[in-house]
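The primary structure of each chain is shown beneath.
Number of protein chains: 2
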Amino acid sequence: MALTQSDDTKLEIRILVQERDEMADRSTNETFDASQLKNHTLAHKVYDAVVKTQSCQKHYETFCESTQIKNLQSKINYNFKDKLVLTRAFTHSSFVHEYNEEIKSYERLEFLGDSILGAYVSQELFKSFDNFSEGKLSKLKSALVNEDTLSELSMFLGLDTFVLRGKGELKEELTNSIKCDVFESLIGAVAVDSSLSDALNVLEGIIKLYEKESEKVFFSEQRLVMFDPKSTLQEYTMKNFGSLPKYEAMRVEDKFCVELWIEGQKKAEAINISKKAAMKEVALNFLNKNKEISKN
Amino acid sequence: MALTQSDDTKLEIRILVQERDEMADRSTNETFDASQLKNHTLAHKVYDAVVKTQSCQKHYETFCESTQIKNLQSKINYNFKDKLVLTRAFTHSSFVHEYNEEIKSYERLEFLGDSILGAYVSQELFKSFDNFSEGKLSKLKSALVNEDTLSELSMFLGLDTFVLRGKGELKEELTNSIKCDVFESLIGAVAVDSSLSDALNVLEGIIKLYEKESEKVFFSEQRLVMFDPKSTLQEYTMKNFGSLPKYEAMRVEDKFCVELWIEGQKKAEAINISKKAAMKEVALNFLNKNKEISKN
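Line by line, the protein sequences give chains P and F.
When we follow our numbering, the leftmost residue of the first sequence carries the number 322, and every step to the right adds one.
When we follow our numbering, the leftmost residue of the second sequence carries the number 322, and every step to the right adds one.
It is worth saying that the hints were derived from the structure and are not from the lab.
Just so you know, not all the hints are guaranteed correct.
The list makes no distinction among identical chains, and a pair is therefore deemed to hold if it is satisfied within one copy or across any two copies.
What the hints assert, rightly or not - Think about it this way: if two alpha-carbon atoms lie no more than 16 Å apart in a straight line, the pair counts; the simulated EDC-like pairs of lysine to aspartate or glutamate are: (1) K457 - E428; (2) K597 - E569; (3) K537 - E525; (4) K425 - D451; (5) K596 - D469; (6) K462 - E386; (7) K529 - E473; (8) K448 - E428; (9) K460 - E428; (10) K533 - D403; (11) K425 - E455; (12) K448 - D514; (13) K425 - E584; (14) K551 - E590; (15) K460 - E613; (16) K601 - E569.
Please work from the sequences and hints to get the whole structure.
As structure tokens, then:
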């Protein structure tokens, strides 16, 4: 059956159409020269190509024929047969909304890539941590498959310079969330262009290259410490002093200053607009200063 | 670093050890004959073998050499090289707790199988529903990867008769949650015994066989209707009457009776101990009586 739209969906569509039209209005009323933006990237060049030709056809040719995209394919050891899928992996919805043409954003590819990544990480953790319970494997998986780690991999491949965004978005710094999206959508794109097993191979290759060049172990228990420093610290103080660490938060203007106290002694402090983030930060600061704790 | 145990973990372990010891006490004090239980299955036979020999070694031989397990392997078109992994796929933690031997439960395999299933379903949905947004794909995925659907597949393969449980658990009816666990752990076990790509092939084979024998389409939009009947009904009434369906709940002894009203007319009712479940049920009842709605 063809599902009908609920009121929420209708409202969402109305807002999106309105935003798109406003963007289109701005794009005809304003003169916009992407080359004037700092950090002029391939994405900006493509934006220029589209503006000049008033056609999206052009954007994908410019994109796929660039040296950077060729280098990326050589880096991930995979050559796309369907260049449209490759372009789509980097096409943000703001780009699609701005041009009312037959182009699609990366969201569906991201959906696919996300689950492929999940399967790959689960398998590697299963193999690497023989003695871990299911619960600990799940925790470590969360410490690996998250915005921080995936945007690190995304930056490692330089994917941030490829993200095709609309004019409004293009002026803003790329968020970690989008960096992470395009990493996942690239993996999804390989699966669509070829097969799930090729996507898994590409992923494996990327992780190996990352480990080699960064000299870091990707599937490392240390990630768990960094991801959840408060639990690590709590385990340390409980074991060594039989007490919990104390976090004291104070408002400092529009931010929070959080102090870490262990056994009546102030050990570290951190300032952040989010109290929760400041607590995590102060625990991490302390662990970083006392590296022997997380190695024990 | 070796993570130390938090107080919570220590408490959990203490409780588990206590429960295990209590079970072991009972197993020596009571006479227990699994063959006296109704629904005497392969799992019961294995239980008997363990009780008689006081050894878990025996259980896995009895298990793997059974005709039923051979039939299962032929049904899923995969023969396990490592029979221990196959046995583990069906070993519930209650069995492990009862015998203090070197056997492991299926939980780690389930962790792995769950994510392989996620990748497979995502890929199939991506291919089958070309015009679905990422949001709609995610919803349909939830309608497919859940306890109801997975326990259906589990029962289709007859996995319920293979679950090795401890004495206490063995007397109880198998829950949907465990049925679903062992389906996932079987897929995980194939990946461990062979490869991720073989696990994906086995999954594909199972779904095809299920579709052929049940004459149902597995990757069907209809699942979404059945999974979330309230949304489907709401879309129908909004489109046709411009109003929402009304649910009126009354307490009837220890249960809830929920009536469904559309445009001032009572259309159906359902009784359940959970109000939420009764609301879902009444919407589903109405949709089942008016099949043309979900086909439109």
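Hint-by-hint comparison with the structure:
Taking the shortest Cα distances, K457 and E428 sit within 16 Å of each other only across copies (11 Å), while inside one copy they are farther apart (30 Å). For a Cα distance limit of 16 Å, the shortest separation of K597 from E569 inside one copy, 12 Å, qualifies, whereas the shortest one across copies, 41 Å, does not. Proximity of K537 to E525 under the C-alpha cut-off of 16 Å is restricted to the intra-copy arrangement: shortest distance 15 Å within a copy versus 37 Å between copies. In this assembly of identical chains, the alpha carbons of K425 and D451 lie at most 16 Å apart only when taken from different copies (12 Å versus 42 Å within one copy).
Proximity of K596 to D469 under the C-alpha cut-off of 16 Å is found in neither arrangement, the shortest distances being 19 Å within a copy and 40 Å between copies. For the identical chains of this complex, K462 and E386 are neighbours neither inside a copy (37 Å) nor across copies (36 Å), given an alpha-carbon limit of 16 Å. Only within a single protomer do K529 and E473 lie at most 16 Å apart by alpha-carbon distance; the minimum there is 14 Å, versus 39 Å between protomers. With identical chains, the CA atoms of K448 and E428 are at most 16 Å apart between copies only, with a shortest distance of 14 Å across copies and 31 Å within one.
With identical chains, the CA atoms of K460 and E428 are at most 16 Å apart between copies only, with a shortest distance of 14 Å across copies and 26 Å within one. For the homomeric pair K533 and D403, neither the shortest alpha-carbon distance inside one copy (30 Å) nor that between copies (34 Å) is at most 16 Å. For the homomeric pair K425 and E455, the shortest alpha-carbon distance between copies (12 Å) is at most 16 Å, but the shortest distance inside one copy (38 Å) is not. Taking CA atoms no more than 16 Å apart as the test, K448 paired with D514 passes between copies only; the shortest distance there is 12 Å, against 28 Å inside one copy.
Taking the shortest Cα distances, K425 and E584 never come within 16 Å of each other, neither inside one copy (57 Å) nor across copies (40 Å). Taking the closest pair of Cα atoms, K551 and E590 come within 16 Å of each other only inside a single copy of the chain (14 Å); across copies the shortest separation is 50 Å, beyond that limit. Proximity of K460 and E613 under a CA criterion of 16 Å is satisfied in neither setting, with 22 Å inside one chain copy and 45 Å between copies. Taking identical chains as interchangeable, the C-alpha atoms of K601 and E569 lie at most 16 Å apart only when both belong to the same chain, with a minimum of 12 Å there against 46 Å between chains.
Hints 5, 6, 10, 13, 15 from the earlier list are contradicted by this structure; the remaining hints agree with it.
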